[in-house]
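**Student:** Sequence:
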Amino acid sequence: MQDSPEGRPDTTATLLQPGFLASVFRDLGAEIPEQAAGPDEEAAAHGRAAALTHHRTLTVQAEHERLADLLRRAALPVSAMDFESQLRSYEPRPYPAAGQGPEAGAEPRWADFAPPEPAAAGPDEPASRRLLDSGYQRGLAQARLSHQRALREWRTRQAEAADGGARAARLAHEQAEQARARAVREYNDTLEECRRAYRQSEPAAVESLLERALAAAEGATQDLPAPCRAVFRPLTDTAVLDLDLPPLDLVPALDGYRLGRDGEIEPVPRAAAERASDYLRLAARLALRALQAADAVDTDEILAGVVLNGWLRRPDAEPLCLLSVDADRDALARTRLLPAGGPETAAEHPAEAGDGEGVYADAEHDEALVRLRELAAVVTPDPYAGVEVEPGGTVGAAVPSVEELSPNEFAHLVRQLLTRGGLAGWSVRLRGPAGLVATGEGGPGSALPGRWVVWASREPAPVGADHLRTLAEAVREEGAERGLRLTSGRFTDQALDLAAGEGYQHVHLIDGRGVQELARTHLGLPLTTGG
2 MQDSPEGRPD
12 TTATLLQPGF
22 LASVFRDLGA
32 EIPEQAAGPD
42 EEAAAHGRAA
52 ALTHHRTLTV
62 QAEHERLADL
72 LRRAALPVSA
82 MDFESQLRSY
92 EPRPYPAAGQ
102 GPEAGAEPRW
112 ADFAPPEPAA
122 AGPDEPASRR
132 LLDSGYQRGL
142 AQARLSHQRA
152 LREWRTRQAE
162 AADGGARAAR
172 LAHEQAEQAR
182 ARAVREYNDT
192 LEECRRAYRQ
202 SEPAAVESLL
212 ERALAAAEGA
222 TQDLPAPCRA
232 VFRPLTDTAV
242 LDLDLPPLDL
252 VPALDGYRLG
262 RDGEIEPVPR
272 AAAERASDYL
282 RLAARLALRA
292 LQAADAVDTD
302 EILAGVVLNG
312 WLRRPDAEPL
322 CLLSVDADRD
332 ALARTRLLPA
342 GGPETAAEHP
352 AEAGDGEGVY
362 ADAEHDEALV
372 RLRELAAVVT
382 PDPYAGVEVE
392 PGGTVGAAVP
402 SVEELSPNEF
412 AHLVRQLLTR
422 GGLAGWSVRL
432 RGPAGLVATG
442 EGGPGSALPG
452 RWVVWASREP
462 APVGADHLRT
472 LAEAVREEGA
482 ERGLRLTSGR
492 FTDQALDLAA
502 GEGYQHVHLI
512 DGRGVQELAR
522 THLGLPLTTG
532 G
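Numbering-wise, the sequence shown is residues 2 to 532 according to the working numbering.
For the record, the hints were derived by calculation from the structure and aren't laboratory data. Note that this is a predicted model, so its numbers are computed, not measured. Keep in mind that a hint or two might mislead.
As the list claims (entries may be wrong) - Between beta-carbon pairs, the in silico distance windows are:
{"#": "1", "residue 1": "Asp70", "residue 2": "Ala169", "range": "33 to 43 angstroms"}
{"#": "2", "residue 1": "Arg432", "residue 2": "Gln62", "range": "43 to 53 angstroms"}
{"#": "3", "residue 1": "Asp467", "residue 2": "Gln506", "range": "14 to 24 angstroms"}
{"#": "4", "residue 1": "Glu404", "residue 2": "Ala254", "range": "33 to 43 angstroms"}
{"#": "5", "residue 1": "Arg186", "residue 2": "Tyr96", "range": "17 to 27 angstroms"}
{"#": "6", "residue 1": "Arg432", "residue 2": "Arg477", "range": "15 to 25 angstroms"}
Positions of the beta carbon are idealized from the N, C-alpha and C atoms, including for glycine.
When you get a sec, could you build the whole thing from the sequences and use the hints?
**Tutor:** Encoded structure:
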């Protein structure tokens with residue numbers, strides 16, 4: 002305590018911050034013995050750690066809620082972006098009037114300004130005496146002045162409307178309206194031209210329509226870019242969609258944080274299988290949304306099928322295909338691609354309605370993944386382990402090769418080639434990634450008369466004699482007259498010798514070059530094969 006200048010003791014004291022003196026002494030080079038923290042300081046440190054743990058847990062919960070919101074919006078049905086919905090209409094706008102009310106267009110009438118007549122004081126009072134009332138006469142004079150003023154203003158506006166400036170403004174308005182109407186007509190004409198090209202299966206028109214539909218579908222999750230590119234193959238009437246899947250770190254890796262016994266903040270990791278299931282749920286919904294957009298826009302049924310590949314694109318690494326769907330038109334029509342929105346979804350999926358038990362379901366029972374499997378989709382078991390799947394169909398050079406076709410595309414191509422060659426009554430018995438076995442029957446006057454057993458494949462290895470013996474046996478079992486062995490590659494010399502020998506004249510062979518020639522003859526399109 003110090004004395005004041007007047008000699009009295011100073012009762013004010015300067016409160017130093019904790020550690021102030023210690024910092025001063027340290028600057029002077031003195032050694033200060035450390036003191037053990039008191040119970041108050043330990044409680045304060047524990048409180049700060051608990052608050053930080055709670056804050057970090059809230060951050061993780063916000064990430065979970067964002068993912069739940071993305072899952073909900075990714076499952077919303079998309080509007081069809083077909084040609085009818087894109088047509089525009091135009092309603093001409095009238096030339097704006099100069100003002101409001103009756104004086105804007107019509108001549109002011111005296112009846113709108115005349116004051117009401119005064120009421121009679123008695124039943125015997127004549128009307129002429131009431132009209133001589135001084136108040137009524139003043140109101141009548143004022144009304145006449147107002148009417149004359151309104152009449153002069155109306156005549157002035159009429160004269161102004163008749164001059165050159167008003168006529169020029171009206172002419173400019175009419176020209177602008179005609180330009181707008183002409184722009185709408187030209188847009189609709191262009192749209193009709195695109196529709197004509199689309200109906201003729203021109204690739205540019207089909208791809209443009211598909212990409213507009215896919216971009217519109219992506220608008221429901223603008224905060225989650227998932228671009229999807231479309232390529233149309235007229236050879237098989239199939240659209241190949243390449244969907245960019247979201248990054249893996251979008252799914253939270255933690256359930257939250259907890260405070261350990263030693264006061265340290267510890268993360269609570271999620272199970273790896275649970276996190277993988279959550280990512281696959283989101284990827285499945287994005288894939289189904291893209292399939293629905295492509296199916297909904299194809300109102301003229303140009304597409305025979307859709308191949309969708311979901312790619313995880315990583316910096317400085319090759320992209321990984323995590324899911325692939327190869328669906329024909331009938332499979333898409335049979336499958337309800339997206340759930341209906343609103344209360345029905347909450348009733349079917351109470352976990353997504355926020356019932357307190359989480360927002361995620363087991364991947365094996367998730368509706369989106371179940372529907373993908375109904376379409377015979379191939380999905381990676383673990384996206385975080387980098388396990389990729391074989392894409393159903395790919396897009397390489399401008400001229401497609403047989404190896405780039407999906408199983409459905411290859412089956413569709415074989416059917417097109419042989420039915421246009423005269424083999425009707427097509428029935429597929431077996432189909433797999435490498436080929437198919439089918440039966441068909443041609444009419445008496447066709448190029449392929451009688452009942453046939455067709456075995457088509459696109460395996461890289463040459464087809465040997467054993468395949469011909471198996472085909473001949475299948476022809477006998479089916480009661481057919483002929484067999485056709487088609488391959489995108491070539492036949493061995495032993496197979497060629499066997500087909501030319503006794504007992505195998507009813508077995509016909511088509512190699513890769515023959516497939517190319519059939520595609521050029523019957524489809525008018527080039528094809529690359531391994532032969």
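**Student:** Determine for every hint whether it applies to the structure shown.
**Tutor:** Now for the hints, and whether the structure bears them out:
no.: 1; hint: Asp70 / Ala169: 33 to 43 angstroms; result: violated, 55 angstroms
no.: 2; hint: Arg432 / Gln62: 43 to 53 angstroms; result: holds, 48 angstroms
no.: 3; hint: Asp467 / Gln506: 14 to 24 angstroms; result: holds, 19 angstroms
no.: 4; hint: Glu404 / Ala254: 33 to 43 angstroms; result: holds, 38 angstroms
no.: 5; hint: Arg186 / Tyr96: 17 to 27 angstroms; result: holds, 21 angstroms
no.: 6; hint: Arg432 / Arg477: 15 to 25 angstroms; result: holds, 22 angstroms
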